[in-house]
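Asks: Given next are the chains, with one letter for each unit.
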Amino acid sequence: MNKDDYKLLVKKYTPSEERLKNALMAFITGALIGIISIIIFQILTSYNIGDKEANVWTIIILIFLASLFTGLGFFDNWVAKVRCGLIIPITGFAHSVTSSALDYKKDGLITGLGANVFKLAGSVILYGIVSAFILAVIKVVLYG
Amino acid sequence: MASFKFKNVYILDTYSIAGPNEIKGSIKNYDQVITDYYFGMKTFEDAEEKMQQACLDNIISKNKIETKVDLVVAGELSNQLAISNDVMAKYQIPYLGCYSACASFNESLIIASNMIDSKKIKNAISLTSSHINVAERQFRYPIEYGAPKIKRSTLTATGAVGVYLSNKESNIKVTSATIGEVVDYGISDCLNMGAVMAPAAFTTLKKHLEDFKIDSNYYDLIITGDLGRVGSKIFKELLKENNIKLDNYIDAGSLLFKEEEFAIAGSSGPVTLPLVVFNKILKTKKYHRILLLATGSLHSTTLVNQKKTIPAICHAISLEVEDDLS
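Read top to bottom, the protein sequences are chains A and B. Here this note's numbering is used: the first residue of the first sequence is 1, the next is one more, and so on. Here this note's numbering is used: the first residue of the second sequence is 1, the next is one more, and so on.
Treat the hints with care, since some could be wrong.
Stated by the list, open to error - Example chain B residues on the side facing chain A (calculated, C-beta under 8 Å, incomplete):
1. P148
2. I150
3. K151
4. Y185
5. S188
6. N192
7. A195
8. V230
9. L255
Please keep in mind that the hints were generated in silico from the structure rather than gathered at the bench. The beta carbon of each residue, even a glycine, is placed where N, CA and C say it ideally should be.
Looking at chain A on its own, in the form it has when it is part of the complex (with noise of 0.2 Å):
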């Protein structure tokens, strides 16, 4: 059997993920985590602060709570069921850091931790710093 027909064969016998009920799921979660964005920033607001300060409180918040209960220990089973819904926002971004630091922290503080913190998150920050550089390139090209 030649390779192209073996992958026919694995294509045939291999199980499809369910997408549409992923999706569905990731929509669902990850706008129940706008919703509580949207509670706590109504909240502070409500504490006469400003409503960029309170922006800025709203992120670090829900960084708080992803970090939080990764370190408890029952994230990860949130994350593993409704998948992108919770990996997409940021809260996914601070599990991947916690998730990554608590795994490593064993191998030393510097060549464990401090080397693998970003491990999964490393790509995140790279490439939105180098779309953020290029998006600013363009608008001031475009708008001076």
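Got chain A sorted already, so can you dock chain B onto it with the hints?
Replies: Frame of chain A; chain B shown alone:
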């Protein structure tokens, strides 16, 4: 020829330890079960070492062979065989480490049996282990990340198995072996290890049957290591296309992690096959001749990232059982 028979190699004793996932299925009667992945240690790596040590210590003390072990052959998944090397540093026993990924169990049996059969040594202990979190850290994502599992993927089994081989007669005889070839059918998806390994299992089984000029019905049972539900379907299809009949077949990985419990393809890891063989298959007393096909996906994370296709290997070893283990 890579197939040969053994004249006087016997399995005198085995010791198995299994983790919390492994008792969820139909197998419950392991020699020891650990409920905590740390096994009372500080790291998962230490836990896997402790499991190997427990197997070794129990076999040595039960058979009173403190100063008489000629050789230990150990295989597991950690980089540089770090776990086995570290364990063996605590013993003054000649040691060989071997790596064929999840086919390491059969490789260690073949090496040990060959040495005993050629009368270079009198006895040997084969050690195999894997730990879900050690493997997860090394091959996949941080443990607390909880990367979503997909249907075609497998989970590494947690456990350790020690097998005490000797030239003294017992009711389990190691009869023959086939050393496998590395095959690569162009699959680069390291989550679909069943698809990577199925051609290796097929190639080795075909060679084994051809070399000994036997039919697959010669064996009461043919058992693959960790093809999983996806891989074993492909394996059967490959055999069908080559007109090899296979009625007496099961897959250890599919049996250990049942579909109802785990929404994945099954269990992987070198310890899967010996856990199922020594704690279920041999204890049912149903089978006289058994062929073990241990399959291994020989991937490295570096080469997978470099988009290379994944090679696989399968070693076969056959057992003849007179009675059950106990």
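Asks: With reference to the structure, classify each hint as holding or not holding.
Replies: Hint by hint, here is what the structure shows:
no.: 1; hint: P148; in the structure: 5 Å, holds
no.: 2; hint: I150; in the structure: 6 Å, holds
no.: 3; hint: K151; in the structure: 4 Å, holds
no.: 4; hint: Y185; in the structure: 5 Å, holds
no.: 5; hint: S188; in the structure: 10 Å, violated
no.: 6; hint: N192; in the structure: 6 Å, holds
no.: 7; hint: A195; in the structure: 4 Å, holds
no.: 8; hint: V230; in the structure: 6 Å, holds
no.: 9; hint: L255; in the structure: 18 Å, violated
Hint check: violations occur at hints 5 and 9; the rest are consistent with the structure.
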